[in-house]
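Protein chains in written order, with our numbering: chain A, 20 to 143; chain B, 20 to 143; chain C, 20 to 143; chain D, 20 to 143.
None of these hints come from the bench; they were simulated from the model. Please note that a few of the clues may not be correct.
Which copy? The list can't say, so a pair holds if one copy fits it or any two copies do.
[Stated by the list, open to error] List of simulated lysine to aspartate or glutamate pairs, DMTMM-like, C-alpha gap at most 20 Å:
(1) K132 - E77
(2) K120 - D107
(3) K139 - E119
(4) K127 - E142
(5) K138 - E77
4 protein chains.
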Amino acid sequence: MSRATQGDGEDIFGALRQTLRQFAQERDWDQFHYPKNLAIALSVEAAELLENFQWVSETESAVLPTERREQVRHEMADVLLYLIRLADKLNIDLAAAAAEKIQLNAGKYPIDKARGNAKKYTEF
Amino acid sequence: MSRATQGDGEDIFGALRQTLRQFAQERDWDQFHYPKNLAIALSVEAAELLENFQWVSETESAVLPTERREQVRHEMADVLLYLIRLADKLNIDLAAAAAEKIQLNAGKYPIDKARGNAKKYTEF
Amino acid sequence: MSRATQGDGEDIFGALRQTLRQFAQERDWDQFHYPKNLAIALSVEAAELLENFQWVSETESAVLPTERREQVRHEMADVLLYLIRLADKLNIDLAAAAAEKIQLNAGKYPIDKARGNAKKYTEF
Amino acid sequence: MSRATQGDGEDIFGALRQTLRQFAQERDWDQFHYPKNLAIALSVEAAELLENFQWVSETESAVLPTERREQVRHEMADVLLYLIRLADKLNIDLAAAAAEKIQLNAGKYPIDKARGNAKKYTEF
Numbered sequence: 020m021s022r023a024t025q026g027d028g029e030d031i032f033g034a035l036r037q038t039l040r041q042f043a044q045e046r047d048w049d050q051f052h053y054p055k056n057l058a059i060a061l062s063v064e065a066a067e068l069l070e071n072f073q074w075v076s077e078t079e080s081a082v083l084p085t086e087r088r089e090q091v092r093h094e095m096a097d098v099l100l101y102l103i104r105l106a107d108k109l110n111i112d113l114a115a116a117a118a119e120k121i122q123l124n125a126g127k128y129p130i131d132k133a134r135g136n137a138k139k140y141t142e143f
Numbered sequence: 020m021s022r023a024t025q026g027d028g029e030d031i032f033g034a035l036r037q038t039l040r041q042f043a044q045e046r047d048w049d050q051f052h053y054p055k056n057l058a059i060a061l062s063v064e065a066a067e068l069l070e071n072f073q074w075v076s077e078t079e080s081a082v083l084p085t086e087r088r089e090q091v092r093h094e095m096a097d098v099l100l101y102l103i104r105l106a107d108k109l110n111i112d113l114a115a116a117a118a119e120k121i122q123l124n125a126g127k128y129p130i131d132k133a134r135g136n137a138k139k140y141t142e143f
Numbered sequence: 020m021s022r023a024t025q026g027d028g029e030d031i032f033g034a035l036r037q038t039l040r041q042f043a044q045e046r047d048w049d050q051f052h053y054p055k056n057l058a059i060a061l062s063v064e065a066a067e068l069l070e071n072f073q074w075v076s077e078t079e080s081a082v083l084p085t086e087r088r089e090q091v092r093h094e095m096a097d098v099l100l101y102l103i104r105l106a107d108k109l110n111i112d113l114a115a116a117a118a119e120k121i122q123l124n125a126g127k128y129p130i131d132k133a134r135g136n137a138k139k140y141t142e143f
Numbered sequence: 020m021s022r023a024t025q026g027d028g029e030d031i032f033g034a035l036r037q038t039l040r041q042f043a044q045e046r047d048w049d050q051f052h053y054p055k056n057l058a059i060a061l062s063v064e065a066a067e068l069l070e071n072f073q074w075v076s077e078t079e080s081a082v083l084p085t086e087r088r089e090q091v092r093h094e095m096a097d098v099l100l101y102l103i104r105l106a107d108k109l110n111i112d113l114a115a116a117a118a119e120k121i122q123l124n125a126g127k128y129p130i131d132k133a134r135g136n137a138k139k140y141t142e143f
């Protein structure tokens, strides 16, 4: 199965897109799901994810206690679901967008300049 | 191809995970990629996505001009890439987490109570 | 000068509120300054502030290089300005709200329970 | 009382700074209050503020129900408190930073160019 079939709902993004469409339709939620509102919701979920790392050190964050990790897992799912919902509303192909962005990043962060430093490409 | 193959890199999450691993290794970036830092980065990208809707009305947000939509598309890709990178570092299966979260949401938001309103389940 | 004069524009919040009102009026920006949009803008500025700490360790964050600190200083100002503008639009007295919240926090985090740990009060 | 006395704790920022210092000391929280962590906390509070506007239209956001407005008020206080705490840790004068930023914004957004449009200054 090639990625070219992404649009037909057989891959993971397509499957989730369909499920979320039905979920919203059954609840008459499309009236709220403007891209602006979905972008807010996504940002709020990203912050709820981040909240789990608020008072945790970098090294501690790599070995989360079970309960904390489960919370993180749920918030990550929320981010993904809103991302897929927003992509659906804007008719954006997430897989293609991600592939394109990786190409762009490879250009912005050539290995020899980026190696071992975390500077933004505008600061090279 | 079943979702059981998610771990072997043949699906979209697996493929991107592998690409991002190599991207980081080539640049010696694993030293910066603590889950805490990746969660910050994801949250910052979500805000950059949101920034595009800042002064746009709800209805306008559904019909973005080409340039704006392209910007949105790139920011959504950034969110996805950090989400996949974070999932890799925490050994989280995003597809399984999303499926589980949808089940949870169906329980929190039964159709008869949730229909046509945007209240949080805790406010029903 | 007592805090009771907060409303008459003589203290720092009142002075900034007046300046921002005039700034918006001169540019005919009130049409965009719905509380919803101002809350988005505030959140975006908070993320721009946070971006400065993205790949910086906790200890490094306490001793920022001059240029970075200056950037942080500007983003903090942006957060404050949107906070004051939002408070103006919602007719909220920030000084009174802050005083009240400190009282609430003192109740949620009694010294004997909160000492030396960063748990949320719901986790005591 | 002039703004020049800002440093001596007699104005609102100074007073809150002192209160928050004591609050943290009594709870032995300075060990957690790295600027990085405070910037995360501020960003999380800004998102909790924003969450209140998630499914609310722009016009609705200008006339919040009492309970919602009270929630917004508390979250705004949280943002302010973390902002003041972060400013203290980085030794930043918020009042001076705000005054300076307004000057910068006046230069970036001249009245004739900015009037009636919400474009970013980089897009003029």
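Taking the hints in turn, this is what the structure says about them:
1. K132 - E77: neither (25 Å within a copy, 25 Å between copies)
2. K120 - D107: both (19 Å within a copy, 19 Å between copies)
3. K139 - E119: Answer is within: at 19 Å inside a copy they meet the 20 Å cutoff, but 26 Å across does not.
4. K127 - E142: This pair counts as within: shortest intra-copy Cα distance 11 Å, inter-copy 22 Å.
5. K138 - E77: both (18 Å within a copy, 17 Å between copies)
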